[in-house]
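Chains E, A and B, in that order, give the protein sequences. In terms of our numbering, the first sequence has 993 at position 242, counting the first letter as 1, and numbering is strictly consecutive. In terms of our numbering, the second sequence has 20 at position 10, counting the first letter as 1, and numbering is strictly consecutive. In terms of our numbering, the third sequence has 866 at position 90, counting the first letter as 1, and numbering is strictly consecutive.
By construction, these hints were calculated from the structure, which means they are not laboratory data.
Here are the computed distance ranges between Cβ atoms for each label pair: (1) B:F869 to E:K1145: 32 to 40 Å; (2) A:S378 to B:L792: 53 to 61 Å; (3) A:T83 to E:H898: 29 to 37 Å; (4) A:K564 to E:E999: 53 to 61 Å; (5) A:L51 to E:L1023: 36 to 44 Å; (6) A:T83 to E:L1023: 20 to 28 Å; (7) E:G1229 to A:T83: 36 to 44 Å; (8) A:S519 to E:G1015: 20 to 28 Å; (9) A:L427 to B:A873: 21 to 29 Å.
Each residue gets a CB set at the ideal place from its N, CA and C atoms; glycine is no exception.
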Amino acid sequence: MEIPFVVQPRKDTGLFNSKIAIWLFLASEVMLFGGFFSAYVFLRLGADYPWPERTLPVLPGLINTFILIGSSVTVVFAWASLKLGHWGRFKIFMGITVACAAIFMVFKGIEYNVKFHHQGVRLKDYTVIEGHLGYEKENGKPVLNHHGKKIEENQILIETSGLTYNTVRFHKPWIEEALTQAKHRGSKIFLSADVSAVTKPGQPAETIAKAGDELSVALLERVKTAHLAARAHNGKLRTSALRQEWKEAKAANPGKRDWQISSGVNIDTAALAPQLLTEIPSVAFKVDPPSRFDFKPRDIKHGETQSRLRDDTSVEGKLLDSPMVFHYVDAIDFRHLAMRAVKKGVDPIVAIENSWLIKNDQAAREAWEWNKLQTARLEKELLEQYGVDEKTGKPKREPTAKERYRIGWKELVAKADGVNRDQQKVTIKEEFMGPDYQGREGKHTFPHLSVPRNEIRFASKFTPAWNTYYAIYFTVTGLHGLHVIGGALVLAYYLFFGRKMYETNPEWLANRVEVAGLFWHFVDLVWIFAFPIFYLM
Amino acid sequence: MSAHSNDHHDDHHHNPGFLSKYVFSTDHKMIGIQYGITALLFLAFGFYLMMVMRWSIAYPHQPLPEWMSWIFTDNWKARWLQDGKVTGETYNMFGAMHGTIMVFLGIVPLGFGAFGNYVTPLQIGAPDMAFPRLNMMSYWIYLAGGLVMCASFFMESGAAKSGWTNYSPLAGFADGQIVNQWLAGQTQWLIGLVLLITSSLLGSVNFITTIINLRARGLTWMRMPFFVWAMLVTGFLLLLAFPPLEAAGIMQLMDRVVHSSFFMPSGLFTKSEGLADLSGGGSPLLFQHLFWFLGHPEVYVLLLPAFACVAEIIPVHTRKPLWGYKSMVYSVLVLGFLSFIVWAHHMYMTGMGPAVSTFFQTTTVLISVPSVVIITAMLISLWGGSIRFTPPMMWACAFIPMFGIGGLTGLPLAFNLADLHLHDTYYVIGHFHYVVAPGILFGFFAGILHWYPKITGRFMSPFLNQLHFWPSLICMNIIFFPMLLQGMAGFHRRWYNGGDAYLSKAADSTNVFGNTVAQYIDMNILMSMGAWTLAVAQIPFIINLFTSWKFGRKVTSDNPWNATTLEWATPTPPGHGNFEFEPAVYRGPYEYSRPDHAEDFIPQWEEPKRTDSSAPTKPSH
Amino acid sequence: MADTPEAVRKSIRTYLFVGAVLFVGTVLTVLVATVPALDIGHHGFDVWDAILGLAIASTKAALVAFIFMHLNHEKKAVYWIFGSGLIFVIALFALFALAKYDPIFDNFFYDPTGTAVKPMAL
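Put together the whole structure using the sequences plus the hints.
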């Protein structure tokens, strides 16, 4: 059996199968990216925070655009070379295309990596601070967690005296982490009382774990097994008891509806008790001596004396000062604060000057004053250059909200260099990777800041979690990146394994390269829209 | 890219092994059968979930009986049942999974995957699908998606619990207590969904390419059986409507796993989490828009294959051409187009503005026109025909009124004033179940009975079919008609205890007509009894399906129904490559009872005699 | 048609030219967005920047689609297929916008009193 029209086009449609298929696929891709871009429009129009317009460094995006356009040209040439019968040229052009894809992904990776290490925090008063966190240190050396990684100075610190684990839901890596921390602080985590339970019906209780046993996953697993067995056993007994009760109730109340008699139908708990097993839903451990434990903010709901981890572990102990410490603050953004002030009818400048940050931090205050002067200068310049609108009497052009209320890293650099905004000197590497913190340390360009925990509204790295702009940016560019990888793999396959097919059926190979090329152009096409939308708008 | 179909030159000479013949088959017929059996199994599982839910609705205070709960372990029951009673959480889980399984794992694969795969290439005279390997991949990805979703029943979190529509922010938070989000039922649901979407995208690309490019010589567009048209439109619906849901699924996955806020508004506060540790700023409505952009075309993805089956069966068993073939074709195209721009009628209650509601109300009412054209054409096709009440015909005849009830009860929901009252009540449930269960499923039963002789070479037993048909027809109405009544009285669709909680406050819970819950609550028991009886009524079908394979009455020819379309020109069952001659088509698909012809049918592939006045032009590509 | 070797050879110059136009277009987009002197509307980002940016992007996209993807001389079926995708994606955008800003409720489109808070405004 042979499928027709694999190589030669069908006469009435003029197309071979895979060409129809790729166009169908592209139509569905249009809908997929259409879904994302319409989500972008929806989110942007509906955003209740200032949309971070033109927030990404343009240079990496621009270079990536050039790379992708270049690869789009070379892939056409690769196809044309095949059509003209130049295998050698095909290899060169296809090689360039695949190399372009690789470079594109490397740049993309660098961009992502910079973001993933950049911290943002939104304070209770909607001031936004960005920068780099410090690491926890003891005697000048960084403290390591159980993965051997440095711990950022953004932890919930609790002087822990007891930990109560949920026997079913405990999360193993967190137990490892607790043990590591206890060891580091010279504490022990052990059972405060015997765990004993009836494990066979009608028998006396037996001890599953003794008081003083140290916390371990194996111990918890043992308790979990006993608990689950007891739960299953008891559930079965209670179910059949309830069935029996209903049977009797029905017989005693003929013609009555369930809901008329249900309140009187209950399990006779006392009669059932001797046959039941002991369920152990949680196990309490003591920490001795009580010592400081660090928890990641997202994992814990903290309280003054009692906190709860996401896996239902209860942590007893006093909440310590848990500030978030920025080693370098590289942006202060009052746009959100200003937006809320305007909504409430408050002068944004007054609101900003009453914010926690301006009131409590000298460096921030200086930066703000500097920025105000810069804004005033810009306002004057624009007025001189463009004049006043005759109808409204207002200046034709005014500084943007971003210029008024955001002090970004380039502004901080300009301030430290003692020049006006936009006259600072920034290296190409900095355009790519963000500011060179160490190199600029001498001028104290980026201030140090400690933010108390109770001033924090929301904190995150510059990941999709930071806001909906970054969410859609990462999702679309990430998905686009996957398309680049997928397309490049197919093109690379033709490059490295196409020779045999070229000799047996060059027409077919040309068809396939054309089809893969169509996909590649589509990937380019998505980027043509993604670049201005995410980088320039 | 394109499949390596040139590797199969020697298929006529060697016998493939068991694995490549029955499991990793690239033959569209075997893949169709795989789809069919898998989908029927999923349907049975979805049905089971519903039986448990109906118990909870009818007898919320009684433990689940042994005959319903034996399939689960004691440990599972201890986790999810309270003293054997169904809890609200468990009910939600079963409800969400019932919907998901029935729609995405049951009906769509049965209609599009099974019937589409088996019949379409045969009807257009193609040797196989355009991309046989892609076809196999679609099936396996579908199976993987289904299994991923169902596996979550046995996880600590349980399966998804936020309704089959998976609305955010509820679905964004559900199972938030699970630390490793990849192992939460709600996340698994999304992963399963992305797999299913991938599968149907591959499938639809394959179908459309096949229909466009592999039609037999002479099979022009207007000679294509209605079935093929319906599959073409279904393919386009899947192709273009699913991607926005895939986008929504990916975004929700991001919300769950990396805590983004696509669908999470600012200042969200929940009982379990307190003030959400999220950036906020997202829009729950965005999810609904993207979901229903798929959701509504999806309704027609379910429906069109059933239309397709019935439209094929009626002419064969009435010995009369399909009435208004061309109008039906145009209607199905218009239906396909309109189905993309009606979605927000699911969202009247979300506070959209009046202009946009009016737009969607108008298009929604408009879309009833093509569906009514199709159903009317089918009805008129019966007029004056010599109807043979063969097993498939019985189901096809039942389909028309049952779907009619389903369709007509949808009209009040299209108007946003009436919808304010009916939204999220049992009326809605009754409406769409009338469309799907006695409507679409009846169409599929008809299809199974109709093509069974081609697939196996034997007829299914008419006696067992009677045992299956009549109780099913009666039970379906017992289940779904009271729903319409309850719904108009204001019964909410998500009460896990069937309204029981409102009994104690009967006086405060009167509706606009002064009626109370107590007056309608006994219907719950009637409907549940109907549902369980319906389950019993399926047993004859299951027996019939498997025993007839070996013991059914043998067919005497390759064309046992004396039908005209190309699938009956193949040997029975068709071998790999389908046709033993190069098929060519000389006329339209429904040439029955022509007065100028001795026999009451003229197959599409029969070469015209020179004297035949109706001799069409020479077939060509 | 571009499928014969001669035609392919002929179109190579076109491909090069289009590639060059794409590069220029990209530079233009960036310049328009980043150089204050080239601002059309207000200072900083505004709706004109969006329109201009998208117009350049659409032109580039059209060039890629018509020249590189050969949509300037394709078969009918391809236009039907791709066209259906485009139509529905436009419907998606248009109806989303309609759902977000209802002309009867919202003054986004019609604002006789001039008091509405524009979504783009701070």
